[in-house]
Amino acid sequence: MGSLFSSSISLRKSVKITDDEFILLRDFIYEKSGIFVDIKRKYLFESRFSKRLAELNLPSFADYIKFLKYDSMKAAELSTLFELVTTNETSFCRDMRQLDAFQANVLKEKIDEQRKAGKLELNIWSAGCSSGEEPYTLSILLHESLKMELARWKINITAVDLSPAMIDRAKKGVYGDYAFKTTPDDIKKRYFSKDAGGWKIKPTVAKLVNFKQMNLNDSMSLKRLARSHIVFCRNVIIYFDEEMKRKVVGSFYDNLMPGGYLMLGHSETLHKISSTFKPIYHPGTIAYQKEG
Amino acid sequence: MKHLDELTAGMTLASDLIASDGRLLFKSGTELEDRHLTLLKRVGVTEVDVEAGTGDLSDDQIREIEEYVRDFFLYVDPDFAPAIQLFHLALNLTANSVAEGWELPDLNQRRATNVEHMEDLFLIGMGSPDTIVKHESELTSFPDIYFRIKEVLEDESASADKIAKIVSTDMSLAAKLIKLVNSPLYGFPQTIDSVSRAVALVGAKELSTLALGISAINYFHDIPAELVDMKTFWRHSITCGIFAKLLAGTQTGLAPERFFIAGLLHDVGRLIMFKKLPYASTEAMLFARENSIPLVEAERSIMEFCHTDISEPLLASWKFPEGLSNMINFHHNPMEFPNPLEPAIIHIADNMANAVEIAQGGMYVLPGIDEEAWEISGVKPEMLEGIVEQYKEQIDIILSAFT
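Each protein sequence line maps, in turn, to chains W and Y.
To get the working numbering, take the position in the first sequence, counting from 1, and add 1461.
To get the working numbering, take the position in the second sequence, counting from 1, and add 144.
Okay, chain Y solo, but in the shape it has when bound (with noise of 0.2 Å):
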């Protein structure tokens, strides 16, 4: 609540606004303007219920929120622009996150739980990343309708009604395909309410892939929940995507729905370490965060390899399309790739999803973006903030496609 005295102008109200005599005067919502506050003295309101502003925070606040956010920035180059330019969208996200009420997680909060129940089936050193993949797919099938849509999508002259037979034969694929496609992702003014409609309006190679890679994700529903929050997991993978498909938006003769596949499955090697060697991944988490530097490179240290390690004979024991798997496989080195651009983008997206996900509970540290791939994407400082507040607007009804 605040007092009459304090209401400014550009403030909203929390709640509705009801008068002595009961009577609505103001909605929820509503932006307090100049007449409004007049009005409000006239009519002897006291107090009143705004939202919590960035401008509540005290000094204290904003300095506890500087420190906290630039934790997140200690591995990488304090003088690079895209990082400064990360690291003020993160302060100012975080900012706001505070002022709706969100607490700075405390040093213990920020430590993994206790696992030490969980028992890994490798032991370091006796499995490669070769030999995991391969017990992995000899335990558990791929689902059929994967391997049909990938048929679909190989076959030139599969016919858009033969796509859309086939993904509706899967419901729950079908109906996430749908709300995808209503969402922000494509931004069509109407909405599609069939399959087929979709297929026409998106095409059908892009509708494909889209469907391969939700049925992946479909894939892996038995994660242990103590080992990770799998929403947190799934958010900061179509956090990525999201980010990915922006990115790759500004710049021409990218097909931008590719980089969402691949943003959404950038870490899907990490899904089969923490089935396959639960207290490895849970000690390379603790690593990371005791030391302050990206799971990535705390995953080298313990395991000696890394999930994109696993990624790679992962993908390609599922025949994932080359072009997406290797999006996915470089997204950490992209300079490593004969033809870096695309998974450059990847690996800019995953900096920037790590950057926003500080105001949101994230716990590791930015990998650093690579000064040759970021030349090479074309992407520039200033476009950061716009493609933030795209994701701002798009991230909740893209969530909720898949849940």
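Isolated chain W, as found in the complex (with noise of 0.2 Å):
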């Protein structure tokens, strides 16, 4: 086969990463994310950092290390290494039938419950909200419940991340058509306007929500978070190890008022990571209830 490429074409193109390297900075990212990145993934690893070492014009993971350390430039780059870490597939109204089912049993028990205290009031937290596209669904979604009776609420969805770029985005609240791929139609016309770099969220859903950056595995700043009826975290703890998963979905409890609920993605479970709360059965979804 005669081939138009050269055979000299190397596959390697990035900078070697040592063994002792790999785990240097894989602690590091655990420790600033709680992320855990499996020595399977050095490879992965070599070759997605391997541009920013360039740019840095660093010739070695270790030069790379010490700059993440000790630098001054080093709370910047963290911004930078967050989104080398992260992937961020996100749509709106992704999972419709865990919504659906949220919508109709754990929203609709919540607003029953402060409704009946004469307390109009809910605060939702989403953690590991990516670039807005969950917090925004459920503004839309209360919106959607509410109506005309949501002037008379106080709500507030607390949306954070851990990359300051991905809240950055958030806040601009501009979506390609990607985003929309799982919306109905209809949603999508009365919560979102044309724009030019695609599809704007109209600032009645924006103002419900508040975006922050936070590190998950920073116990001291979820302390001061506000405690939350609801916490939604959907495809975010599959990126960390048992025990970071352990310690988050304890920073859930602790959160939680008494009933309150905590909602993860389709395919995650409490399942050997925590036994505190206690798991409601909905078709479509599994709410996990702190018990009050």
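One thing to keep in mind: the hints can contain errors.
As the list claims (entries may be wrong) - Below, simulated DSBU-like cross-link-like pairs (lysine-lysine); rule was C-alpha separation at most 35 Å, straight line:
1. 463/Y <-> 1503/W
2. 1477/W <-> 1535/W
3. 1501/W <-> 278/Y
4. 1655/W <-> 1608/W
5. 1527/W <-> 1642/W
6. 463/Y <-> 1501/W
7. 1474/W <-> 463/Y
What the hints assert, rightly or not - To give an idea of the chain W side of the interface with chain Y (calculated C-beta under 8 Å), a few residues:
8. 1466
9. 1469
10. 1498
11. 1501
12. 1504
13. 1517
14. 1521
15. 1728
Simulated from the structure, these hints should not be mistaken for laboratory data.
The C-beta atom is built at its ideal place from N, Cα and C for all residues, glycine as well.
Grab the two chains, each in its own frame, and use the hints to assemble them into the complex.
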């Protein structure tokens, strides 16, 4: 077979990472984000970071680790590091069945409870909100559920993510078609307006959401968050090891008010992680309740 | 169409070449030689329809192809000789596909389809591989023919005649077997037109093994099409089977057709996942694509087990021959099996299948070849190109035997 590609073309494009360097970098990422990277992903890491090393003109991973730890620009670099470590696949109304079940059961229960108590307020924490699709979807669900009554409610959706770049994007609230692949058309038309860059979330929806950059491995800042009625954390703990999963789920438990609910991603479970929550089964989802 | 000036010897006509007076000059498929070019000039032909060749690719396209193919090797050791060899083979195959008009999939196409309406039968953490397989085997019974073939396979004294009789009772199975023994998989010079002739030539044990594998495949006909394109799934399986057989053929003392069957069924656990956990399976596919990790690792992240954890109880419940089961169950971790040579062959074949599929729209990164498994397999990097060439000659004919 004749080839267009020179036989000297190499598969390696990146600076080599030694096992020691990998472990140093992995531990650093773990400390700063709780994300655990298995050594099997060593080569994946090499190639993901090699461009960054070249941009910074650093000859080795050891130099990059020093840069992350001691350089005057280390805070800014941390943000770039998070961009490289996390993927942010998400869309509006991802997992419709779960959201429907959430709206019809968990949300309805909480709304009724608050009405009965005469306290028209609701705190929701969206942990790992990526570019904002999840908290905005929750805001839309509240608009759909409460309709005109919404004006009388005090609703606060606190949306946090590790990546400052994601938080910036979320605040802008402009999305391309891909974000709407699972969104019913009427929802899109009602809550978004056409914008130069795609579709922009309407201010009425955005106003319920507060974005914050936050590391879920930083227990101190988690403790400062307002107590919640509901915590959403979907497709996030999958990146954590068991210890970190336990720690984060523990923080959710502490943050929730008695009777509050934790919602996880469709394929996620507290199996083997926590037995303090009571799983409530609805068709389409499990809601984990902190018994009160 | 190419102008006469652009033609060079070695190009192939894509259609019949007709002169202005209606005379047929050369038939489609003719490879142009210098003498043809001289003749064309003389008779005044100005434009000729030739097949696309990789020579037509622009520098930009070549760069794009390199980048595209490289993405599939992100997970493997870039200094490991067999990986480098597979990278080069995949580059050439992909360049050929692009020259023939295939467009490199963009990012959106590389993501899985929407399966929002699907529902898993098991919630994660509640269904272990054992309970999932048990649920499946209670629900659907396995084809009767399978157990009858198994019986003769285990019976040392069973005559060739008996096997031929049993296989012949299932017309579609018999037809497939005859197509397969006539395919390059066996490479017999004469046409084999009956099952009894096939048994005589291939051997009773071998033919029964083949029949067993094919009857197992027939079991899976109801996988939701929107979840996974079954044509792609079986193409991967058959490709792995062909590679496994060719790899085994390079080593002495290995019975190659067993490797074809093990390759054919190496991902059988995945079929149960599609049936029982369609949503989680899709999440795993998405997770693998988003993170450039092999599907097997994504399965472990999402479901806490992978398809070989499912194939183990599944094949045991079918009482599938143990040697074959081991090849299938250990194809991702051959070195954990006490006698790793056989699963190591499937392991390498699976990686090769992933590599050639890049040029056919494959979506998943290579899981990587274990260095020790490569060592004990006895395969050398320089053998891979020849094996891929043989595969290219065989795949379409063998595929057609299954449709």
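So, going through the hints one by one against the coordinates:
This hinted pair does not check out: residue 463/Y and residue 1503/W have alpha carbons roughly 39 Å apart, beyond 35 Å. Taken as a hint, the residue 1477/W and residue 1535/W pair is honoured in the structure, with Cα atoms around 22 Å apart against an allowance of 35 Å. A C-alpha spacing of about 32 Å is found between residue 1501/W and residue 278/Y, which places the hinted pair at or below 35 Å, so the restraint holds. Using a Cα cut-off of 35 Å, the hinted pair residue 1655/W and residue 1608/W holds, with the two alpha carbons roughly 23 Å apart.
Between residue 1527/W and residue 1642/W the CA atoms are separated by roughly 42 Å; this puts the pair beyond 35 Å, and the hint is violated. With a C-alpha separation of about 34 Å, the suggested pair residue 463/Y and residue 1501/W falls inside the 35 Å cut-off, and the hint holds. Between residue 1474/W and residue 463/Y, the direct Cα distance comes to roughly 47 Å. Violation of the 35 Å bound is thereby established for this hinted pair. Because the smallest distance between the Cβ of residue 1466/W and any Cβ of chain Y comes to about 5 Å, under 8 Å, the interface hint for this residue holds.
Look at residue 1469/W: its Cβ only gets to about 10 Å from chain Y, farther than 8 Å, so that hint breaks. Taking 8 Å as the C-beta contact cut-off toward chain Y, the hint placing residue 1498/W at the interface is violated, the least distance being around 11 Å. Taken as an interface hint, residue 1501/W checks out: its beta carbon lies about 7 Å from the nearest beta carbon of chain Y, inside 8 Å. Interface restraint check: residue 1504/W against chain Y, minimum CB-CB distance 6 Å, threshold 8 Å, status holds.
With its C-beta approaching chain Y no nearer than about 21 Å, residue 1517/W sits outside the 8 Å limit, and its interface hint is violated. Restraint check, residue 1521/W versus chain Y: the minimum CB separation of about 16 Å is more than 8 Å; hint violated. The interface hint given for residue 1728/W is met, as the beta carbon of that residue sits about 5 Å from the closest beta carbon of chain Y, less than 8 Å.
In terms of the numbered hints stated before, the structure departs from hints 1, 5, 7, 9, 10, 13, 14, listed from lowest to highest.
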